[in-house]
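Here the protein sequences come in this chain order: A and B.
For what it's worth, this note's numbering labels the leading residue of the first sequence as 1, then goes sequentially.
For what it's worth, this note's numbering labels the leading residue of the second sequence as 1001, then goes sequentially.
Treat the hints loosely; a few may be bogus.
Restraint-style ranges between C-beta atoms, simulated for each label pair [as the list claims (entries may be wrong)]:
1) A/Ala150 with B/Arg1039: 33 to 39 Å
2) A/Arg63 with B/Asp1064: 38 to 44 Å
3) B/Asp1064 with A/Tyr374: 31 to 37 Å
4) B/Ile1002 with A/Pro306: 20 to 26 Å
5) A/Val273 with B/Pro1050: 25 to 31 Å
6) B/Leu1075 with A/Glu352: 30 to 36 Å
7) B/Thr1035 with A/Asp69: 55 to 61 Å
8) B/Ser1003 with A/Arg288: 53 to 59 Å
Bear in mind the hints are in silico, worked out from the structure with no lab data behind them.
This one's a predicted model, so the numbers in the text were calculated from it and none came from an experiment.
All C-beta atoms in this analysis are idealised placements derived from N, C-alpha and C, irrespective of residue type, glycine included.
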Amino acid sequence: MALECSDKSAAELYGLLRKKCITSEEITREVLTRIERTEPAIHAYITVLAERALAQARQADRRLHQGDDTSPLLGIPVAIKDNICVKGVPVTCGSKMLQEFIAPYDATVVQCLREHGAIIIGKTNLDEFAMGSSTETSVFGATRHPHDPARVAGGSSGGSAAAVAVHTATVALGSDTGGSVRQPAAFCGVVGLKPTYGRISRFGLVAFASSFDQIGCLTRTVEDSALLFQVLAGADPKDSTSRKAPPYDASTLKNHKTLNGLPIGIVKEFQDVTLEPVVQYAFDAGLRRLEACGVELREISLPHVPYALATYYIIANAEASANLARYDGVRYGHRSKRANDLHSLYRHSRTEGFGPEVKRRILLGTYVLQQEHYAAYYQRAQQIRTQIARDFEQAFQQVELVVSPVTPTPAFRRGEHLTDPLRMYQSDQFTVLASLAGLPAISVPGDIPAGQLPAGIQFIAKPDAEEQLLQTAYAFEQARLDSAS
Amino acid sequence: MISHAEFTHLTKRAQLELTPSEMAQFHTDLERILTAFARVTEVDTTGISPMVQPGVTTNVLRTDQVQIGLPFTVLEELAPDLAQEHFRVPSLFR
């Protein structure tokens, strides 16, 4: 058929599938063909599940034929970041440590997608154990930027963002610990939603930093993020940190087409951050567009912003060092052949199994958790985290949402930040705030001059205010598209 | 800032065996990172409670019921080395 169905959003495919203009098998075959064509240049995937996906697509077509109208994702190809378990499929975390590890069960989100009839097309590339901002530290090699292969796709969900951007998945799952959904979304020019901490179950997500980790959505439109979030959100008895919040209903997305009178905050402390010209352009244009939509922009203060990046990296790496202590070569994962006693088995297995960035973070985390440094670094960072959450509580008495850039730069060149960890960490300075406070946040493509790399606009909302967050992002997106057409 | 002996001790605690060049690189990196992160000590945190997790204020307890975990046949497929339904490891004592 002539229709390029892989270019359609999930919402568009929903209508086409139900009108029988197309079948899920046709969509899936087209996506698989596109994967074959683009993967040598992009490398978004670690594992492509072609046969399984086609079997699922035929099953979805049977459900559609029987008039099943229960799910917006029935028959839609979804890519899964490779730190989320899909039963019987490798879950490598982009690491030699788990290169041979086959997931023994489905993550709750995967089970949910299966029940809704989504097509699991493959597992996407990521920074090793989701620790990075460029998807360069994967043992399987780097994912490349969809518009410029000399640049990175962002990270750590760079594979998912790139797959959505080059239309080798209609939507994708990522995980966001300090910005790992929003930052690659901004780099690749797609939408990235990090829900409130606990709104989506993490059962079956390989742990990096447990007080931050959150599964999120990467899509080409805000509407698709809303549909995916509707399907995935909900409390899960298998994840004690999941939240009992009212179910999200994506049909509320278009209820508020106008942003007239909505107070949105601009963070005073972010004005000291130097933005690269294209990011500054996108942010300024975004603010002008919000004002044109009737938004009341107000300056707000989040006094602990200057400490946020250090606070995040101290706590996240402390948690990472504890979570990754389980990889010792005994029960699963890489086992060294050089070991001659139990302790050398631990050391050699971990030394051979982990890459440089993971080792660096384990060392940092181990350092700040040592008794003699605990109070100065770890405990103090946890206290500043409380202060950052309070800063937001105060700000949200004046405004409904906060707007900021997503990153200070567009996608940087491959290798440019790889040997300078502090420079790499700077990429997360706008995204870690919502992570520290556990707030929902979304990255939406901003206006950019012709021929420039994408840059994103971030909206941050109150806890469990995904409905307002998505409505605002949708109205912003529509206003941008209307002016472009 | 961090002595060689202290850094060596840190690698042992982290159960990592680094080459001399890795030792030098990671030692330098760690000092740079900690110098940059030392700004957290500027903040007055007197009387502020540490946040362990956002939004979680009460313990979440399951009912005290036995639940079936993954069967051993699944786990053994993941194990690097098994002997009589046990994970085999090198000897602890030399």
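Hint compliance check: list the failing hint numbers for this structure, sorted ascending.
Hint 6 alone not satisfied by this model.
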